[in-house]
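Could you slot chain B onto chain A? The hints should help.
As they're listed, the protein sequences go chains A and B. Each residue of the first sequence is one higher than the last, beginning at 1 in the working numbering. Each residue of the second sequence is one higher than the last, beginning at 343 in the working numbering.
Possibly wrong hints are sitting among the right ones.
[Said to hold, decoys possible] Footprint (simulated), chain A over chain B, 3 or more residues, beta carbon under 8 angstroms:
1) 370-381
2) 491-497
3) 500-507
4) 553-566
5) 707-713
Quick caveat, the hints were computed from the structure, so don't treat them as lab data. For glycine and all other residues, C-beta sits at the position ideal for the given N, C-alpha and C.
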Amino acid sequence: MQSAVDIGWGTILAIKTVVVLAIIPLGAIILGYTFLLKMMAHMQSRLGPMDPGGFHGWFQLFGDGIKFMQKEDVMPAQSDRRIFAVAPAVVVISTFLVFLVIPAGPDLVVSNLDVGVFYALAVSSLAVVGVLMAGWASANKFALLGALRAGAQLIAYELPLLLAVVGVVVMAGTMSLQGIVEAQQNGSIFGWDGIGNPFIFGQIIGFMLFLVAAQAELTQTPFDMPVAESELVAGYMVEYTGFRFLFFFIGEFGTAFAFAGLAATLFLGGWAIPHVTDPGWSNVLGPIVLLTKVMLVAFLMFWVRFTYPRLREDQLQAVAWKFLIPIGLANILITGALKVAF
Amino acid sequence: MSVDFAVDRQAWRHLADAQVNVELDTGDMILNLGPQHPATHGTLRLVVRLDGERVISADPVIGYMHRGYEKLTEFRTYPQITTLINRIDWLSSFANEVPFLHGAEMLMDIEAPPRAQYIRTILTELSRIATFMLFLGEMGLQVGALTPPFYGFRDREHVLNLIEAATGGRFHPNFNRIGGLKDDLPWGWINECRNGMKVVLDACNTLEELVAENEIFEARTRSIGIIPPEVGAGYGVSGSNLRASGVDWDLRRDGKPYLVYPELDFKVWTHPDGDSYARYWVRLQETREAARMVIQMLDRIPSGPIMAKVPRIIKVPEGEVFVETENPLGQMAYYVISKGATGPFRVKIRSASFSNVSILPWLLRGVYVPDVITILGSLYFILGDIDR
Chain A
1 MQSAVDIGWG TILAIKTVVV LAIIPLGAII LGYTFLLKMM AHMQSRLGPM DPGGFHGWFQ
61 LFGDGIKFMQ KEDVMPAQSD RRIFAVAPAV VVISTFLVFL VIPAGPDLVV SNLDVGVFYA
121 LAVSSLAVVG VLMAGWASAN KFALLGALRA GAQLIAYELP LLLAVVGVVV MAGTMSLQGI
181 VEAQQNGSIF GWDGIGNPFI FGQIIGFMLF LVAAQAELTQ TPFDMPVAES ELVAGYMVEY
241 TGFRFLFFFI GEFGTAFAFA GLAATLFLGG WAIPHVTDPG WSNVLGPIVL LTKVMLVAFL
301 MFWVRFTYPR LREDQLQAVA WKFLIPIGLA NILITGALKV AF
Chain B
343 MSVDFAVDRQ AWRHLADAQV NVELDTGDMI LNLGPQHPAT HGTLRLVVRL DGERVISADP
403 VIGYMHRGYE KLTEFRTYPQ ITTLINRIDW LSSFANEVPF LHGAEMLMDI EAPPRAQYIR
463 TILTELSRIA TFMLFLGEMG LQVGALTPPF YGFRDREHVL NLIEAATGGR FHPNFNRIGG
523 LKDDLPWGWI NECRNGMKVV LDACNTLEEL VAENEIFEAR TRSIGIIPPE VGAGYGVSGS
583 NLRASGVDWD LRRDGKPYLV YPELDFKVWT HPDGDSYARY WVRLQETREA ARMVIQMLDR
643 IPSGPIMAKV PRIIKVPEGE VFVETENPLG QMAYYVISKG ATGPFRVKIR SASFSNVSIL
703 PWLLRGVYVP DVITILGSLY FILGDIDR
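Next up, chain A with everything else stripped away, as it sits in the complex (with noise of 0.2 angstroms):
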């Protein structure tokens, strides 16, 4: 695509980084205060915030984050100072690098990779790092425990993570999100091209897997061992105050939103609106396209973390390891089979 105003290409990319930085925070205050604030509030019976900002207390994490910013920086007199100090960061990078490939319109994404997907899922696992930095430098037995579970539980979801998208990745013949996204707006449904050819039609049990896998990757209930509040108290943040624990609470929800993003991107269609091919207009209505699936995906994302309970460790990998895998594999080799039949 050629830009209407001629800049060179570092600018762009300044300002594309720019503003996926500032997406994150934005995207985890959506979400936070959407979900976490006010929904959960509303199935518990509660009003949730309601003063700050005036509506429905629209300000309330924009007011949690600047007094989180006003606390004293308080570290464990035993921690590995300088480790404790970075793991945070190590969280929240690992969610920017994700957000780098989600498109949000034909223009719209910092860098459109042929290996996108896979680039997706290899990094979103950078954040395991730093979750066990934070709970072994926290020196702190609970931190420690949760941290561990983290790391078996991380790992051992990525998979059925993966072979939940290998599905999608088959169906379009691309592994760019760019092009998974375009073959979804030209697709068909058995000839009808009405609304293009979601992925989520025929990929709904990859669409599960995706979602419970995400669910565990995102250590939330009813995989949120890592942080379980009744058992660890809060897991490899527990000794985390102030500044450095919005900078968790930013990972955790930022997170949240680029799972949820690239579950739209792949079974949801992501940006594209059917039979809108005009470049200037996707790139101007995609994104609002793109945040309202997100917010779908989101909701019964939240809706499952607000209602069930939680699984325990072993339990965990016995989800993982005699469902997930078989499911996602068992998955694979029909789209594959209807692939080369249709």
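Just chain B now, kept in the frame of chain A:
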């Protein structure tokens, strides 16, 4: 006489061997759960020895909340003591008052009039419902579900409002007097109570669907923390915890008759499994049964006075009495010795949670850390009831 210490010149070799073994061995970790931990309902401290996530041994450390009630009662008059024993099990204060005052009445040879007895029984059952509603919701939180406790709290509020309307206090009513009650029920309370019981029965259905029938909840609690009946009885476990092990024993039915329980028609629920799930299930059924009992009593409540004839200054004649009742948490008993003064000479309080918790070292051996929490939650103790 001289002692000959044989010096092993080769000791360093053994030491080196030992060090190799240490490096190959994984050490145990001692985890200090509490006294400030969200799952310990207050200040119970568990010193847990862990191998990975498996518990090798667990020692409950109690006494952080000891308030010395047994000693304090020796310096109070009988009417003043109800204020103290209210706070033993603070979730079901009314049920704590009943056995003590019953004991004092037995020594004084007074009997509260039938209407007072009925109101006492209703309020006891209401406090049982309030206690169990909290448990039914909170057990969800112990296994990680965020929403059930709010439902439990929300619907428990109806019961607390009823208790408040009748007694003036939500938590510590202090409504009992020797020989009867402070006041009669307010106007319209009986109808309100009927509606409240409908809410409770609905809430039980909701929580059953939301928690007890959830597959993850079942996976987390079934065959976890099994108490065999003989072991449970040996440790002095009582109440719903023992009935969940299949022991058909309820002091309301099997003990010395007290209040109006002999006149009521109710079922004692038991479960054969004895695991955490059984304890949840039994409490769920008992909440329903209590609501049905309250409705039954509301239909039968007689009219009449609410206070027997009692002297102005209460002096309890010399004697000893032992009263035990079925409280929400289990068997609650008072042994009162009176020397004829305005206050008791000695009171021994047997609270249920103390014995229920004493089984923890036996029960927690070999389970995983998350199961420690579900077992603690399902045993359902109140710290004030342990430490007194």
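Hints, one by one, checked against the model:
Given a C-beta distance limit of less than 8 angstroms, the hint that chain A covers the segment 370-381 of chain B holds, as 6 residues qualify and 3 suffice. Here's how the segment 491-497 of chain B fares: 3 of its residues keep a CB closer than 8 angstroms to some CB of chain A, so the rule of at least three is met and the hint holds. Only residues whose beta carbon comes within less than 8 angstroms of a beta carbon in chain A count, and the segment 500-507 of chain B has 0; fewer than three means the coverage is violated. With 6 residues having a beta carbon nearer than 8 angstroms to a beta carbon of chain A, the segment 553-566 of chain B meets the requirement of three or more and the stated coverage holds.
Evaluation of the coverage hint for the segment 707-713 of chain B: fulfilled, as 4 residues show C-beta separations to chain A shorter than 8 angstroms, against a requirement of three.
Consistency with the previously given hints fails for number 3 only.
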